[in-house]
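Peer 1: What follows is each chain in one-letter form.
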Amino acid sequence: MSTRHVRPDDLRAWVRGEADAVTSMSLEQHLVRCPQCQAGVAAELPPMAYAVSSLPDVTPLSDAAGPGQPEPPALSEVPDAPDLPDLPDLAAVWGAVRDEIEVPRVSLLERLLVRIGLPPGDAMLVAAAPALRGSWICAVALAVAFAVGGAVAARNGSVMVFLVVAPIVPVLAVATAFGPEAGPALEQESSTPYPLARLLLLRTAAVLLAALPVVLVGQFVFPESAAWVWLLPALGFTAAVLALSTWFGPWRPASAITVVWVIATGAASRLDTIWAVFAPQYLVLYVLMLLIGPPVLVLRARRLGTIGRIAS
Amino acid sequence: MTATSSTPVSLRGVTKRYRSLAALDDVDLDLGPGITGLLGPNGAGKTTMLRVMATVLRPDAGEVRLLGRDPSRPDARTEIRRRLGYQPQELGFPRGFSTFAFVNYMAVLKEWADRGTRTTEVRRVLDLVGLGDVATKRISRLSGGQRRRVALAQALLGTPELLVLDEPTTGLDPEQRASLRGVLADIAATSTMVISTHQTEDVAALCRRVVVLDAGRVHFDGTVPQLVSLAAGRVWMAAAPDAAAQASWRTASGRYRNVGESVPRGAELVEPSLEDAYLLLRGATAAATADATTSAEVA
Chain A
1 MSTRHVRPDD LRAWVRGEAD AVTSMSLEQH LVRCPQCQAG VAAELPPMAY
51 AVSSLPDVTP LSDAAGPGQP EPPALSEVPD APDLPDLPDL AAVWGAVRDE
101 IEVPRVSLLE RLLVRIGLPP GDAMLVAAAP ALRGSWICAV ALAVAFAVGG
151 AVAARNGSVM VFLVVAPIVP VLAVATAFGP EAGPALEQES STPYPLARLL
201 LLRTAAVLLA ALPVVLVGQF VFPESAAWVW LLPALGFTAA VLALSTWFGP
251 WRPASAITVV WVIATGAASR LDTIWAVFAP QYLVLYVLML LIGPPVLVLR
301 ARRLGTIGRI AS
Chain B
1001 MTATSSTPVS LRGVTKRYRS LAALDDVDLD LGPGITGLLG PNGAGKTTML
1051 RVMATVLRPD AGEVRLLGRD PSRPDARTEI RRRLGYQPQE LGFPRGFSTF
1101 AFVNYMAVLK EWADRGTRTT EVRRVLDLVG LGDVATKRIS RLSGGQRRRV
1151 ALAQALLGTP ELLVLDEPTT GLDPEQRASL RGVLADIAAT STMVISTHQT
1201 EDVAALCRRV VVLDAGRVHF DGTVPQLVSL AAGRVWMAAA PDAAAQASWR
1251 TASGRYRNVG ESVPRGAELV EPSLEDAYLL LRGATAAATA DATTSAEVA
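Those protein sequence lines, which keep their order, are chains A and B.
Mapping to the numbering used here: the first sequence position 157 is 157, numbers consecutive.
Mapping to the numbering used here: the second sequence position 286 is 1286, numbers consecutive.
In short, the hints are calculated from the structure, not lab data.
It is possible that part of the hints are untrue.
Claimed, not checked - Distance windows between CB atoms, simulated:
#, chain 1, residue 1, chain 2, residue 2, range
1, B, Leu1230, A, Val106, 52 to 62 Å
2, A, Val93, B, Thr1117, 13 to 23 Å
3, A, Pro295, B, Leu1021, 28 to 38 Å
4, B, Gly1062, A, Thr23, 50 to 60 Å
5, B, Asp1030, A, Val259, 40 to 50 Å
6, B, Gly1096, A, Ala21, 17 to 27 Å
Everything numeric in this text was worked out from a predicted model, so none of it was measured.
The beta carbon of each residue, even a glycine, is placed where N, CA and C say it ideally should be.
Make a model of the complete structure from these sequences and hints.
Peer 2: Shown next as structure tokens:
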């Protein structure tokens, strides 16, 4: 909507390389999208002497030969002009310059995701979300802390705190990644044809995958079971949060699961041992959550067309 | 307007409640091509109605058809969304995104898979809303008006057949508003556009049709001249405010503009504007609501 153009003096200075850095940046930002000023650049460029000098000498002809003047030669008698070097397509040049300036670079994470088989569009959606990047870093840092802390705690015999907290960390990370604060564009995203359940699952998988290598390293370095036993409830709870988020948004289920888990582990410790919550019958429960959650998410999201509740 | 299977927007008995509050109360509405303006006070149900039209909110009751399809069916909803552009009222952008990066991100969600054509389309819509110069700037560093135009740019991707815009001109300066009106008018020549706004001058300048909502119900549905005609013979300029007027305010000339049934002493009858008519309608609605409340309390 802007109708301003670069002043001729500034344009001339830029062509000659005499404009300062700030002026140049501002001017280039405008130039790449203004054909009128691009034409001004062409006018300021020195004449292409190399091309002109390579042309053959010709005798100027009048538009129509008058009486007594020689007839112009037939076209077939005119010698072929020598081949001129191919000149660049200026529109393509400006387009490339604009690409360089405007199009965001493909991030390392995006390249990695494409390399492991994700379509480029999906990779961009997963990698480009800053909320995920924040959660990603958080998940990795916390996973490292808990894996190492768990192993150390197990050696010291005081594993309870770790086992209470570790399973709910991914749950809270996922809730943070998709809550209203971290997903402020949800309303705009919800009106697009892209399946939001797919987006959520991709990002959740990315967050969880970030933690796995660290856990495996922890398992390798510290072979105590505390380094990995929290993973199954963590996955089950995360799946449950995703499914329940289609009714209540991510934060309410995450909070409820956190409270129930803390009470359950506290009660188990008081009555017997915290390892009771990892008994086979409970492990089956976590597996069921893991198996049921994602399909519920997909089916519910498909039926509703939105994830969670758009604020009233 | 009589609804047909090709009517772009059709609402029948649509109701949406937030606890005891009816944001939409048994609304019937059919919208055709061109621009329709939604007017109404805060809390009238405008945003709820636009969210229903944008397929991001399901009504509690009633039937919705958009572009001839039923958005409650998943496949139909996806097809509607392919032909829909939506600018919400509350703008949210992921942190750290540049203007170009965000619109590019939305373009991927809108199935622009090819990088080259996507880039061209993103540039087109950014230029259309006058943001080409700030394409590389972070959204967090843009002004409020520029952010609103970022949201509008993503809504315009692919030149959708149905455009749902919630307060698109809020925060824009007069020059930007005038320019944006031109852009929207051009787009509306080939699409159906619904605009919610508090700016009656936008409605007067842009809209073929105007719908006034209040308390979740449609209180007026007609053309702009029809709405203006409601205030004919009821707008007076006087030296003093009229206590009996439904609305009265001091103008730049120092005289008072009085809108209502009563004739102030020494007043001069003037041509009504859309704003006069809207205020008159609002006053009548408020009075009717107060009467209804009083009757209910007495009963």
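Peer 1: The structure should be examined with respect to each hint, and the outcome stated for every one.
Peer 2: Here is what the structure says about each hint:
1. B:Leu1230 / A:Val106: 52 to 62 Å: 58 Å, holds
2. A:Val93 / B:Thr1117: 13 to 23 Å: 20 Å, holds
3. A:Pro295 / B:Leu1021: 28 to 38 Å: Given a distance of about 35 Å, which is inside 28 to 38 Å, the answer is holds.
4. B:Gly1062 / A:Thr23: 50 to 60 Å: 59 Å, holds
5. B:Asp1030 / A:Val259: 40 to 50 Å: Given about 48 Å between the Cβ atoms, the range holds.
6. B:Gly1096 / A:Ala21: 17 to 27 Å: Holds: the Cβ-Cβ distance is about 24 Å, inside 17 to 27 Å.
Against the hints set out earlier in the document, no violation occurs for any number.
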